Structure formats: structure tokens, C-alpha cells
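Chains X and Y, in that order, give the protein sequences. For the first sequence, the tail end lands on 339 under the working numbering, and the numbers increase by one without skipping. For the second sequence, the tail end lands on 442 under the working numbering, and the numbers increase by one without skipping.
Simulated from the structure, these hints should not be mistaken for laboratory data. Mixed in with the good hints there might be a few duds.
Here are the simulated lysine-lysine pairs, DSS-like style, with alpha carbons at most 27 angstroms apart [claimed, not checked]: (1) Y/K277 with X/K200; (2) Y/K55 with X/K200; (3) Y/K372 with X/K317; (4) X/K311 with Y/K394; (5) Y/K348 with Y/K394; (6) X/K213 with Y/K371; (7) Y/K372 with X/K215; (8) Y/K371 with X/K200.
Heads up, incomplete: computed chain Y residues facing chain X, CB under 8 angstroms, no partners named [claimed, not checked]: (9) T283; (10) Q377; (11) D378; (12) S385; (13) A408; (14) V438.
This structure is a prediction, so every number in the text was calculated from the model and none was measured. No residue lacks a Cβ here, since even glycine has one placed at the ideal position from N, Cα and C.
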Amino acid sequence: MSTTLSNEMIKQIMLDHYQNPTYKKKISDRQNYIVLHARSHNCIDNIHIYLKTNNNIIQQCFWDGEACVITASSTDIMCGLVINKTKKEACQIIEEYFKMIEEKKFKEDILQEAIVFVNVSKQLARVKCATIGFNALYNMIKSEAEKNNA
Amino acid sequence: MFNVNEIRKKFPMFKVKMQGKRLVFFDNAATTFKPITVINNINKYYVLQTSNSQRGDYDLCYNVDKTILETRGLVAKFINAKTEEIIFTSGTTMSINLVAFGYGMYFLKSGDEILLTEAEHASNVLPWFNIAKITGAKIKFIPLTKDGRLTIKNVKKTVSKNTKIIAIALVTNVLGFYVPIKEITLFAHSKNIIVIGDGAQYVPHKRTNVLDLDIDFLSFSAHKMCGPTGIGILYGKKMLLEKMNPFLTGGGMNDSFDIKKNVVYLDPPEKFEAGTLNIAGIFGLKAAIEFLMKIGMKNIEEYEKKLRCYAINKMKKNKNIVIYNMGAEAPIITFNKKNVFAQDEATFLNSRGIAVRSGKHCAKMLDAFLKVAATLRVSFCFYNTTEEIDILIDALKEDNFLDVYYSK
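Required output: the full structure, derived from the provided sequences and hints.
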């Protein structure tokens with residue numbers, strides 16, 4: 190699994206997204222986004238996910254808040270993965286990610302950089318951190334879909 | 035003589051490995067391991083003595099009642115109280131809620147003040163927030179000094195003629211400073227203020243003498259002193275317990291009641307022990323206190339002090355470590371590693387078999403004071419060793435905290 194990435198590369202990817210996140214932004218026009226607040230009780234994580242969709246396409250996805258290295262880097266990578274994807278594609282990516290975290294068979298190619306978290310499950314206490322952003326976004330997309338169907 | 039190796043042999047948990055490594059348990063402020071005598075005594079209740087208390091005329095029941103009474107007496111002896119001043123609860127949280135709802139709710143009125151500190155654990159904050167809401171009383175916070183101490187000077191400054199209750203931990207769970215409790219009770223009583231102590235982090239580490247401290251109420255939990263979970267104590271001065279109302283009502287706490295709603299409660303402490311007690315827990319608590327008394331609380335205090343000193347001296351040599359409570363007396367060290375998030379370092383330590391706590395440690399109002407979002411906390415028990423501290427010190431020297439996530 191993830192034979193293509195060296196330890197040094199994994200470390201670099203995580204630290205890059207933690208220290209210089211691409212999608213961590215202070216949003217001034219909150220009203221234009223779907224916003225979800227996610228926090229964990231056993232870690233410090235306290236983040237907001239901002240989502241903007243047009244028809245079925247995810248136009249923008251940002252995050253902001255306080256987060257450990259696992260939460261920060263996984264959420265940042267997630268934003269990059271889903272932008273310009275359809276909601277359905279985004280959900281598929283997230284579902285593959287969950288499979289990886291649960292140590293099930295998963296499609297490596299569609300997860301791209303997110304495969305750096307393949308070993309998080311060995312540190313049980315941090316599974317929540319690696320999935321907090323993904324869970325939040327998944328719920329946002331799903332509840333959007335429910336609203337539209339209603 | 036205090037022999038830590040002999041003591042460790044009594045704890046089955048030391049045979050357990052974590053992440054394939056020797057387990058180093060430094061989260062003793064959260065809970066402690068149990069010696070085999072405690073486990074055996076819990077089992078003894080289930081295997082040989084199962085029956086309810088106060089509810090039968092047969093031998094089993096008599097023996098259970100006898101153990102409960104003996105345990106009550108032993109707890110009383112352990113903290114120098116009277117037997118009838120010892121109430122069994124489910125733990126510190128329940129004890130504090132019992133005082134808050136049984137005493138605070140009935141004797142506070144609008145405009146009265148309850149004093150807390152900003153270092154208090156959630157269990158000594160939230161019940162008082164509720165009581166304030168119900169009674170119209172006000173919550174005031176006694177400021178800490180800049181190194182995190184609670185001083186009698188600041189207590190005196192915060193007390194007003196409306197202050198009725200001071201509810202404070204005898205040692206705070208994040209910073210580990212002992213509060214000048216004798217001075218506080220002396221001053222408070224001169225103003226007719228009652229002092230309610232959270233002893234969860236105090237009683238397991240220090241010889242406790244409620245008479246000498248002159249404290250009005252004191253709460254603590256068995257599981258933080260090598261006893262089982264789900265059992266704790268509320269100590270209250272007899273005259274206060276007589277005034278206090280029960281928080282829970284039901285079986286085991288009433289003398290009689292009739293169809294006309296006439297009710298007569300039992301006297302304290304049974305008045306506050308509605309429902310079947312955690313009898314197995316009481317059996318375990320008894321063995322735990324016997325265990326501690328055999329080692330001696332003075333020996334425990336001295337040894338834990340030495341452990342902390344040893345750790346502090348070694349940690350100070352690591353330039354990447356920031357310690358937040360250098361001069362604290364309780365066996366707790368609160369610190370961070372520079373440029374590493376507390377939880378990330380804690381996960382790294384987990385990968386080395388070391389259990390520490392990270393985060394806000396249930397004292398969520400404290401981050402404004404410490405000015406950091408989260409910290410690491412190492413807390414010792416008398417069964418820890420300097421050798422275990424060396425394992426921690428070595429792990430803290432390692433830099434690659436992300437190592438644990440690499441694909442190997």
C-alpha cells in the first residue's frame with residue numbers, strides 16, 4: 190500500500206499542509222457559504238468548513254480554525270481534492286478515504302496526496318482527527334442533497 | 035520501607051504492553067492502576083458475598099453491611115473525620131453535585147456569591163453555574179497569581195459581604211499547586227462563608243486531615259487512589275449534613291413514608307445514599323485505602339515529590355520543553371514541546387508506549403490564563419519510577435513526531 194511514497198515525502202506533505210495550508214482562509218462573506226462547525230472532544234480541533242456549490246459542482250471549499258497536524262493537513266488536502274468535482278464525485282472520494290482509514294481495500298489513485306494518512310489507524314486516538322474534516326464535508330453534501338430533494 | 039519494585043508487583047496492569055512497548059503510565063491524575071488486593075476484594079463481593087445491604091436478615095447481608103460500615107470507618111480514619119460524616123457517592127462529580135443541589139440550592143438566595151477559581155475542573159464549575167441560575171446567586175472568580183497560584187490575599191480581595199460559598203480544588207488538576215486551604219477556611223469562617231473542597235487530586239497524594247484543615251465539605255474519588263471507578267466520597271461536617279437536603283430520594287434513605295405524603299428520612303450519611311450502593315466499589319475502596327495506609331501517605335508524598343524533582347531536572351535540560359508549573363507541589367508537570375501541538379506529541383509518546391494526557395484537561399477556562407490552546411500533562415503515582423521518567427525524557431528528545439504515521 191502506498192509504496193510510491195517515501196517517509197520523507199509523507200512527512201513533507203503533512204507538514205506543508207499544516208504549516209502552509211492552501212485552503213485555510215478567513216472568510217469575510219460567510220453568508221455566501223454553507224458552513225459547518227466541527228470539533229472533537231479529545232483533541233483540540235475546532236474548525237469550520239466552508240462550502241460553495243453551483244448546481245452539482247463544488248466551486249469552493251475552505252476551512253479555518255484551530256487544529257492539530259493531522260486534522261489540519263487532512264482537511265487541507267481534502268479541500269483540494271473536492272474543488273471542481275461534482276457532489277457525487279466528492280462523496281466517492283470521501284468514501285474511499287473512509288475505507289482507507291478503516292484499513293479496508295481502497296482506490297489509491299483517486300485519493301492522491303490523502304494516502305499519506307494510510308497509517309493513522311495505528312494511532313487509534315487520532316482517527317477522529319484524520320476524519321473530522323472529511324466527515325463534516327460528507328455531512329454537508331448529504332444534507333444539501335436531502336434539502337434539494339425535499 | 036518504601037520499595038517501589040515490590041509495590042509494582044502488586045499491579046497486574048504493568049504486564050500490559052502498549053504499541054508493543056513497555057507501558058509507561060503517566061496519566062495518574064486521570065485515573066490510577068489497581069493493585070491485585072483491590073481487584074480481589076471486588077471479586078470477593080461478587081463471588082462470595084453477593085447480597086444487598088440493609089435489606090435482609092441473613093448472613094450474607096449482615097456481612098455486606100459490616101464491610102460497608104468498616105469501609106465508612108476506614109475512610110473516616112483516612113481523612114480524620116467521624117464515620118457518620120462519610121457519604122458514599124459515585125465519585126467527585128456526584129459529590130460536588132450533591133453539595134451544590136443539596137446545600138447550595140437551599141441556602142443560597144439572589145445576590146449571594148459563590149467564589150471559584152479559573153483553574154477549576156468542569157465538575158467544580160458547571161454544578162455551580164446551574165445553582166447560580168436556579169437561585170440567582172452570582173459566580174465570582176478568584177484571580178490566580180501570574181505563576182498560577184491561589185493566594186489568601188486574592189481570596190480576601192474577592193470576598194464580599196455577599197459571599198456565602200467558596201468552592202475550590204485543594205490542588206488544581208492542570209497546574210498542581212496546593213492552595214493555602216487552612217488559611218482560607220480560617221478567613222472564610224470568620225465571615226460565615228462555607229468552604230467546599232474538591233480533593234480529587236489532593237487526597238490520593240497527601241495525608242488529609244479534615245479536622246485540621248477545618249474544611250466544610252470535601253469530595254474525592256476512589257479511582258484516582260488505586261480504587262475502583264464509580265465510587266467516591268463526600269465528607270461533610272456533621273452539623274452541615276444535618277441541614278443539607280438529599281439530592282436523590284428513594285430506597286435506602288428513608289425511615290418511613292405514608293399515603294398522606296408524610297416522609298421521614300434517615301439520618302446522615304444514609305440520608306444521602308438513595309438506591310443500592312456501589313457495594314463492589316465499596317469493597318474495592320476498602321482494599322485501596324488499606325493498601326495506601328500500609329505504604330503510608332507520608333512515604334507516598336515524599337516519593338512522588340522526588341519523582342517530580344527528578345523529572346523536572348531532566349526536562350529543564352531539554353531546550354525544546356516549556357514547563358508551565360515549575361514550582362508546583364503536586365506530582366503534576368504541565369508542559370509543551372516547542373512548535374509541536376500537544377496532541378501530536380502525545381500521539382508520538384503513545385507510539386513509544388508512554389501514556390500522557392494532552393488537551394485542556396477539563397479545566398477549560400484555564401487557556402486564557404496559560405495563553406496556550408493545549409498542554410501536555412504528566413502526572414505521577416507512587417508506583418512510577420525514575421527509570422520510566424528516563425524513557426519519557428529520551429522520547430521527548432526525539433524530533434520526528436510525525437514518525438508514527440509513516441508507512442512501515
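We went through each hint and held it up to the structure:
Only pairs whose Cα atoms come within 27 angstroms are accepted, and Y/K277 paired with X/K200 is rejected, the gap being roughly 63 angstroms. A distance of roughly 24 angstroms separates the Cα atoms of Y/K55 and X/K200; the hinted pair therefore holds under the 27 angstroms criterion. Pair hint Y/K372 plus X/K317 holds up; C-alpha atoms about 24 angstroms apart against a cutoff of 27 angstroms. For the suggested pair X/K311 and Y/K394, the alpha carbons sit about 24 angstroms apart, so the restraint of at most 27 angstroms is met.
At roughly 24 angstroms between alpha-carbon atoms, Y/K348 and Y/K394 fall within 27 angstroms of each other, so this suggested pair holds. Taking the CA atoms of X/K213 and Y/K371, the gap is about 24 angstroms. The hint holds against a cut of 27 angstroms. At most 27 angstroms may separate the alpha-carbon atoms for a hinted pair to count; Y/K372 and X/K215 meet this at roughly 25 angstroms. Distance restraint check for Y/K371 and X/K200: the Cα-Cα separation of roughly 18 angstroms lies within the 27 angstroms cut-off, and the hinted pair is therefore satisfied.
For Y/T283, the interface hint is violated, the least distance from its beta-carbon to any beta-carbon of chain X being 32 angstroms, above 8 angstroms. Hint status for Y/Q377 relative to chain X: holds, with the closest Cβ pair at about 5 angstroms, below 8 angstroms. Interface hint status for Y/D378: upheld, as the beta-carbon distance to the closest one in chain X is roughly 5 angstroms, under 8 angstroms. Residue-level restraint check for Y/S385 holds (minimum Cβ-Cβ distance to chain X is 7 angstroms; threshold 8 angstroms).
The beta carbon of Y/A408 is positioned within 8 angstroms of a beta carbon in chain X (closest approach about 5 angstroms), and the interface hint is therefore held. The beta carbon of Y/V438 comes within 6 angstroms of a beta carbon in chain X, closer than 8 angstroms, and the hint placing it at the interface holds.
In terms of the numbered hints stated before, the structure departs from hints 1, 9, listed from lowest to highest.
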